Amino acid sequence: MIRLLSGLLLLWSIFTDRALGQENSNATLSIPPPSQDPWFKPPANWTLAPLGTALRVRASPYKQINIGHCIDTFQILYRTTDTHNNASWAVTTVFIPESNTNCNLTTNPEACAHGIVSYQVPYDTADPDASPSYLLQYGEPYGEINDLLVRGWFVSVPDYEGTLASYCEGVQSGAATLDSLIAVLQVAGDFGLRRSLAKVALWGYSGGALATAFAAEMAAEHSPGLEIAGAVFGGTSPNLTTVGQRMNGKDTAGLLIAGIVGLTSQYPRARDDLVSRMYTNGTYNATRFLAAEHMSAWEALNYFMYDDAYKYFINGESDLYSPIMQNVTNLDGIMGEHGTPNMPIFLYKAIDDEMSPAWETDELVDSYCSHGANILYHRNVLGGHNQELWAGRGRTMDYLSTVLDGTNAIEYPKTGCEIKNVTVAVNLTIAANGTYLVLPLNVTEEANGTYVFSPLPQKAVSARHRMDVLNFLGM
Numbered sequence: 000m001i002r003l004l005s006g007l008l009l010l011w012s013i014f015t016d017r018a019l020g021q022e023n024s025n026a027t028l029s030i031p032p033p034s035q036d037p038w039f040k041p042p043a044n045w046t047l048a049p050l051g052t053a054l055r056v057r058a059s060p061y062k063q064i065n066i067g068h069c070i071d072t073f074q075i076l077y078r079t080t081d082t083h084n085n086a087s088w089a090v091t092t093v094f095i096p097e098s099n100t101n102c103n104l105t106t107n108p109e110a111c112a113h114g115i116v117s118y119q120v121p122y123d124t125a126d127p128d129a130s131p132s133y134l135l136q137y138g139e140p141y142g143e144i145n146d147l148l149v150r151g152w153f154v155s156v157p158d159y160e161g162t163l164a165s166y167c168e169g170v171q172s173g174a175a176t177l178d179s180l181i182a183v184l185q186v187a188g189d190f191g192l193r194r195s196l197a198k199v200a201l202w203g204y205s206g207g208a209l210a211t212a213f214a215a216e217m218a219a220e221h222s223p224g225l226e227i228a229g230a231v232f233g234g235t236s237p238n239l240t241t242v243g244q245r246m247n248g249k250d251t252a253g254l255l256i257a258g259i260v261g262l263t264s265q266y267p268r269a270r271d272d273l274v275s276r277m278y279t280n281g282t283y284n285a286t287r288f289l290a291a292e293h294m295s296a297w298e299a300l301n302y303f304m305y306d307d308a309y310k311y312f313i314n315g316e317s318d319l320y321s322p323i324m325q326n327v328t329n330l331d332g333i334m335g336e337h338g339t340p341n342m343p344i345f346l347y348k349a350i351d352d353e354m355s356p357a358w359e360t361d362e363l364v365d366s367y368c369s370h371g372a373n374i375l376y377h378r379n380v381l382g383g384h385n386q387e388l389w390a391g392r393g394r395t396m397d398y399l400s401t402v403l404d405g406t407n408a409i410e411y412p413k414t415g416c417e418i419k420n421v422t423v424a425v426n427l428t429i430a431a432n433g434t435y436l437v438l439p440l441n442v443t444e445e446a447n448g449t450y451v452f453s454p455l456p457q458k459a460v461s462a463r464h465r466m467d468v469l470n471f472l473g474m
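In numbering that gives the first Met the number 0, the protein residues as written are 0 to 474.
To be clear, the hints were calculated from the coordinates, so they are not data collected in a lab.
Keep in mind the model is a prediction, meaning the values are calculated, not measured.
Each residue gets a CB set at the ideal place from its N, CA and C atoms; glycine is no exception.
One thing to keep in mind: the hints can contain errors.
Now the in silico label distances, taken between C-beta atoms and shown as ranges [claimed, not checked]:
no. : residue 1 : residue 2 : range
1   : P223      : N101      : 34 to 40 Å
2   : G315      : G405      : 51 to 57 Å
3   : I418      : S317      : 34 to 40 Å
4   : T241      : T279      : 25 to 31 Å
5   : E97       : G405      : 19 to 25 Å
6   : Y302      : I323      : 24 to 30 Å
7   : H370      : P108      : 38 to 44 Å
8   : V56       : Y309      : 43 to 49 Å
9   : T100      : E353      : 38 to 44 Å
10  : D307      : A110      : 52 to 58 Å
11  : P322      : P412      : 24 to 30 Å
12  : I323      : D351      : 30 to 36 Å
Below are the DSSO-like pairs computed for lysine-lysine, each with C-alpha atoms no more than 27 Å apart in a straight line [said to hold, decoys possible]:
no. : residue 1 : residue 2
13  : K198      : K413
14  : K310      : K249
15  : K40       : K62
Let's have the full structure, built from the sequences with the hints guiding it.
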């Protein structure tokens with residue numbers, strides 16, 4: 000029996016730790032982390048460029064591709080805005096599907112992809128050097144990029160937290176996501192995208208749902224010329240305050256602390272106010288708290304595991320709800336306050352999600368729908384936050400194929416909203432070669448929150464570039 004992390008990025012954090020551990024052994028093949036990468040620098044006069052302008056393009060940054068069904072990658076450094084609408088820039092990494100192998104836009108255009116999915120991975124860190132553009136050269140933790148590539152779509156994975164890794168800043172994340180798509184549409188024709196038929200969609204779960212939901216809300220005003228065929232977000236956390244309260248003192252306390260650090264990265268007055276309320280010595284002090292600024296998600300989870308974040312503050316919990324901090328949270332950490340999505344939405348949520356109560360998402364959907372949104376909302380009566388990550392994937396793929404390829408694989412309302420309670424069970428099978436399959440009846444969740452996995456042989460080899468399962472299981 001293994002106690003699973005109940006947090007927002009169960010597998011991404013493990014993958015991050017493994018990837019960071021590989022960086023020295025693969026030095027000749029690796030691109031350096033952003034803080035050491037000379038390419039991560041915008042050109043002169045970049046602030047004058049329109050939003051979404053591709054400022055720099057890097058072909059084939061990953062000399063060794065560790066994600067299946069991908070034939071090549073490229074990266075774009077593009078113009079965007081920060082959480083205060085100031086000029087900023089970010090990077091997205093684009094994966095080209097294997098189905099494009101015989102693509103020739105002149106002689107064989109039918110072999111060229113037309114769909115783009117912007118996948119917002121929940122990387123949940125306040126450290127820019129733990130961004131997807133760097134870590135994905137070692138592979139992916141969930142297999143979702145692979146699944147998207149199998150369907151013949153370009154997959155764009157933006158560093159939506161921006162140059163400061165502003166974890167939990169919704170406006171920053173939404174703007175960077177939208178502008179990344181504009182940049183990809185500019186450039187991807189040079190890499191085999193059929194631009195004349197191009198359709199784009201968004202997808203994010205958990206921390207990635209924050210970026211996706213804010214992008215959907217902001218699209219009409221921030222990117223009025225961008226047509227998005229559909230957006231999918233699951234495991235939503237409409238109110239970050241609620242999530243923080245549920246994380247505190249648990250194995251996910253590191254995400255709360257990293258989230259506070261990330262949320263204040265673009266609010267210096269709030270950061271100063273926060274630090275002024277912390278202890279300067281003792282076990283729980285400001286230096287220890289702010290160390291999250293230089294930690295990957297996995298490092299933060301381990302370092303702060305079971306910490307009571309309130310113990311860092313002289314006046315305890317109330318210091319986190321000071322007027323200046325509450326203002327920051329209201330501006331950047333609450334969904335439903337930045338507009339109504341102007342594209343079709345598929346939203347999925349486990350009713351028993353332990354990280355964020357389902358009723359908050361219910362209210363968010365009601366608000367969207369009352370303002371004219373088009374939504375298919377699935378409320379899964381089985382499982383919790385981590386299970387729904389897997390349980391929602393098949394329906395997500397069906398929805399994306401419907402809006403991008405016209406397959407009609409899933410029915411959704413063409414106008415208005417449809418809310419359904421569904422029963423979708425999913426369990427995780429870990430194969431002896433370290434890969435995973437989503438099949439029933441192989442994992443049992445017990446009442447105390449533990450999971451029982453089928454025994455694996457000690458000699459099993461993990462597919463570490465995707466998910467270091469065996470290390471995770473302590474084998």
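Each hint, compared with the structure:
{"no.": "1", "hint": "P223 - N101: 34 to 40 Å", "verdict": "holds, 36 Å"}
{"no.": "2", "hint": "G315 - G405: 51 to 57 Å", "verdict": "holds, 55 Å"}
{"no.": "3", "hint": "I418 - S317: 34 to 40 Å", "verdict": "holds, 37 Å"}
{"no.": "4", "hint": "T241 - T279: 25 to 31 Å", "verdict": "holds, 30 Å"}
{"no.": "5", "hint": "E97 - G405: 19 to 25 Å", "verdict": "holds, 22 Å"}
{"no.": "6", "hint": "Y302 - I323: 24 to 30 Å", "verdict": "holds, 26 Å"}
{"no.": "7", "hint": "H370 - P108: 38 to 44 Å", "verdict": "holds, 40 Å"}
{"no.": "8", "hint": "V56 - Y309: 43 to 49 Å", "verdict": "holds, 46 Å"}
{"no.": "9", "hint": "T100 - E353: 38 to 44 Å", "verdict": "holds, 43 Å"}
{"no.": "10", "hint": "D307 - A110: 52 to 58 Å", "verdict": "holds, 57 Å"}
{"no.": "11", "hint": "P322 - P412: 24 to 30 Å", "verdict": "violated, 41 Å"}
{"no.": "12", "hint": "I323 - D351: 30 to 36 Å", "verdict": "holds, 35 Å"}
{"no.": "13", "hint": "K198 - K413", "verdict": "holds, 17 Å"}
{"no.": "14", "hint": "K310 - K249", "verdict": "holds, 14 Å"}
{"no.": "15", "hint": "K40 - K62", "verdict": "holds, 21 Å"}
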